[in-house]
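Trainee: Listed here are the chains, written in short residue letters.
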Amino acid sequence: MTQNPYLWLIPVLPLAGAAINGAFGRRSSKKAITTIALAFCGAAFLLALKIALGFSSAAAPYYFDLAPWIRAGNFQADFSFYLDQLSLVMLLVVTGVGFLIHIYSVGYMLDDDGYYRFMSYLNLFMFFMLTLVLAKNYLLMFIGWEGVGLASYLLIGFWFTKDSAAAAGKKAFIVNRIGDFGFLIALFLIIQHFGSLDFTRVFAAVQPLQPELAGTGLLTSIGLLLMVGAAGKSAQIPLYVWLPDAMEGPTPVSALIHAATMVTAGVYMVARSHVIFTHAPGALTVVAVIGTLTALFAATIGIAQTDIKKVLAYSTVSQLGYMFMACGVAAFSAGIFHLMTHAFFKGLLFLAAGSVIHGVGGEQDMRKMGGLRHYMPWTFWTMTIATFAIAGIPPLAGFFSKDEILWMAYISPHGSWAFWSIGVVTAFITSFYMFRLWFMTFFGEYRGRPVIHDVTHQSADAQAMHAKGDQHGHGHGEPHESPWVMLGPLVILAVLSFVGGWVNIHHRFDVFLSPVFSTHAAFSQLKALTTQEVAQIEARDRLELAFTVISVAAGFLGLLLAWLLYHKRRDLPGKIAANLGDFYRAVANKYYVDELYAALFVKPLLEGSTAILWKGVDQGVIDASVNNAAFSARHVSENVRHMQSGNLRSYAGWVAAGGAVLIAYMVWMGVR
Amino acid sequence: MMIPLSCYLILSGILFTCGVLGFLIKRNIITIFMSIELMLNGVNLSFVAFAAQWHALSGQIFVFFVMVVAAAEAAVGLAIIIAVYRTRETLNVDQVNLLKL
Chain Y
0 MTQNPYLWLI
10 PVLPLAGAAI
20 NGAFGRRSSK
30 KAITTIALAF
40 CGAAFLLALK
50 IALGFSSAAA
60 PYYFDLAPWI
70 RAGNFQADFS
80 FYLDQLSLVM
90 LLVVTGVGFL
100 IHIYSVGYML
110 DDDGYYRFMS
120 YLNLFMFFML
130 TLVLAKNYLL
140 MFIGWEGVGL
150 ASYLLIGFWF
160 TKDSAAAAGK
170 KAFIVNRIGD
180 FGFLIALFLI
190 IQHFGSLDFT
200 RVFAAVQPLQ
210 PELAGTGLLT
220 SIGLLLMVGA
230 AGKSAQIPLY
240 VWLPDAMEGP
250 TPVSALIHAA
260 TMVTAGVYMV
270 ARSHVIFTHA
280 PGALTVVAVI
290 GTLTALFAAT
300 IGIAQTDIKK
310 VLAYSTVSQL
320 GYMFMACGVA
330 AFSAGIFHLM
340 THAFFKGLLF
350 LAAGSVIHGV
360 GGEQDMRKMG
370 GLRHYMPWTF
380 WTMTIATFAI
390 AGIPPLAGFF
400 SKDEILWMAY
410 ISPHGSWAFW
420 SIGVVTAFIT
430 SFYMFRLWFM
440 TFFGEYRGRP
450 VIHDVTHQSA
460 DAQAMHAKGD
470 QHGHGHGEPH
480 ESPWVMLGPL
490 VILAVLSFVG
500 GWVNIHHRFD
510 VFLSPVFSTH
520 AAFSQLKALT
530 TQEVAQIEAR
540 DRLELAFTVI
550 SVAAGFLGLL
560 LAWLLYHKRR
570 DLPGKIAANL
580 GDFYRAVANK
590 YYVDELYAAL
600 FVKPLLEGST
610 AILWKGVDQG
620 VIDASVNNAA
630 FSARHVSENV
640 RHMQSGNLRS
650 YAGWVAAGGA
660 VLIAYMVWMG
670 VR
Chain S
0 MMIPLSCYLI
10 LSGILFTCGV
20 LGFLIKRNII
30 TIFMSIELML
40 NGVNLSFVAF
50 AAQWHALSGQ
60 IFVFFVMVVA
70 AAEAAVGLAI
80 IIAVYRTRET
90 LNVDQVNLLK
100 L
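Sequences listed follow chains Y and S, in order.
According to numbering that gives the first Met the number 0, the stretch in the first sequence is residues 0 to 671, in order.
According to numbering that gives the first Met the number 0, the stretch in the second sequence is residues 0 to 100, in order.
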């Protein structure tokens, strides 16, 4: 490992930006706030880029010990940073996409009263996310992990005067606590058994252990608990419920935190802990099953949503499921590859959706959009690229990553045809609901009311939209294109969504990551092959080609069906929904999962707390004892205060009487 | 002829008790002040009686100290009494009650 003294600057730069804007932003001009926020975030990006350029050829990871933190006996956890190929990919995604979204936010949020607050929070988020990615030990990673949760909470509830936004922020925070609980216990187990939280030391200790094939044991428990944490942060079953609600936040937040970066932290953490997981096949299977089920489950909910951001939210949950599916079959590099392409196209989808919402005056209901391709061509074309990318149409980014995941889900030693088939079905559904969104938003006639920027907007982004409308003076009643400061990031992300998948042609991305995931040494097989092996490989290649054709066909089938239902025969969806009856209602209501959780956990907890903790312990014991102490003191004082009459001679009488009693006592006892 | 110690002590006790009773009963500040002097002198008497009995000087020295303090106290006290009389035009302690609730 080589030391790199600039490593710590990458996370600290955005922190400085956050601190400056947070402390002085209220009084400084918007131009100054913009400059500071973009400069510090951009500097982090440039620094990351510089380090990346120097890194590509070197295989040895960089590290830097900034300062000692906890030293207790043999245990040691320092502020140290670590950069290997895996963190480098994350670093570039986070700083790159993050910087683009910062630029976009300038256009989107400039007229909001809390602009300085927003930019400060965004920078703060970058700091914590980069800490998470660059940490050298689990504890520092946990700091970042909690920090991004905090930033997410602050930004979901950014418009905190709205009840639903405040509630969504709380929900996200509390659901994440459940996951963090699992993560923490996993860390305690690691400390107890390996005496360290340092990645290199823990993994070196795990490496020589036997894989726990029986499906139980220490490593399996650690793996499962880590997965609980990952499920919370990355919105997997059963803890995914917070992510759709998180769409209450401003759209750039949805793009940055709840699509491109933070929610992928769980995937990163699982990939980072791959040594533990590959030694615990049982935990690995659980990861794969959870990922696969989440992918399918969330995708089906996505079909019936009408809010454009909710569709994307469920799509994010579903795509995260794919990443966990990949990690679960030990194809970590495929998961990270999908993480990267997903950051491009899902970030783009959200930003484009924000542009659409902006264009139609704060409306989020897709039923009230339509025909927008004539009004906002740039948004339309960038969104088209993103939609084709997520649907897995070649040669766009999503095709490469999703195809690799599906192939690995089948061919990997941990894989199974079940993962693959559910994955293909999910790919079809994904393509269907994404093209449904695409057709409903951009094709047909404009179904919304004229765009008037009045105060009656009901959507989450209405406030920003309203202010923006005043500034640009859009009173012409038609949807309009967004300004270039917003379109620029869209175009860059569109290019990335188009070409981003090409990095893995000939498995170059897998080979790049192979020093990290040493399990994939198989990619660099240079030895001479026997004819039998050649035949095997050829058969494998034919199978892979067939699988690719099937998954692409699933993508096109989704496109076709969406075209039929939402463009050609617009009357059909309603009829189908009516025929399905209860099932459709269940899907549209997200399978009543929120209601189920409310009845199973929230309500008993709330009522138990009210009856026992509030009325019983707090009011009955704590309040009562304090009040009783006060009341008795008052009672006693009320009796004693009569002595203090203010009459001097009565005081003198008391003194004389006291003296007399003392003397009598001494005489009586014979004290001399 | 030696007067026994107990006589002095009884006289001292009577003086002291007179002082206490005067202090408690009287309303005029000057009378109360004189009662305090009476108590001090009662104590002084017991000091000198013991000093004479045991041939120890320390008792007499105590008495000097008490007299010094009493003289100082009398000077300050009388000044206060004059000041009180000038502002309140009364020396009745029951009417000098501004600090009372």
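Derived by calculation from the structure, the hints in this document are not laboratory data.
Any given hint might turn out to be false.
[To be verified] Distance ranges between label pairs, derived from CB positions: (1) S:Q59 / Y:V666: 36 to 42 Å; (2) Y:W667 / S:V75: 15 to 21 Å; (3) S:V68 / Y:A651: 17 to 23 Å; (4) Y:G658 / S:Q59: 50 to 56 Å; (5) S:T16 / Y:I621: 54 to 60 Å; (6) Y:G658 / S:F63: 22 to 28 Å; (7) S:I80 / Y:V666: 51 to 57 Å; (8) Y:G669 / S:L23: 25 to 31 Å; (9) S:V75 / Y:A623: 52 to 58 Å; (10) S:F64 / Y:V666: 46 to 52 Å; (11) S:L23 / Y:A623: 45 to 51 Å; (12) S:L77 / Y:G658: 22 to 28 Å; (13) S:E72 / Y:A623: 51 to 57 Å; (14) Y:I621 / S:L23: 27 to 33 Å.
Since the structure is predicted, the reported quantities are computational estimates derived from the model, not experimental observations.
Note that beta-carbon positions come from the ideal geometry of N, C-alpha and C, so glycine has one too.
Trainee: Hint by hint, where does the structure go against what was stated? Just the numbers, ascending.
Mentor: 1, 2, 4, 7, 10 and 14
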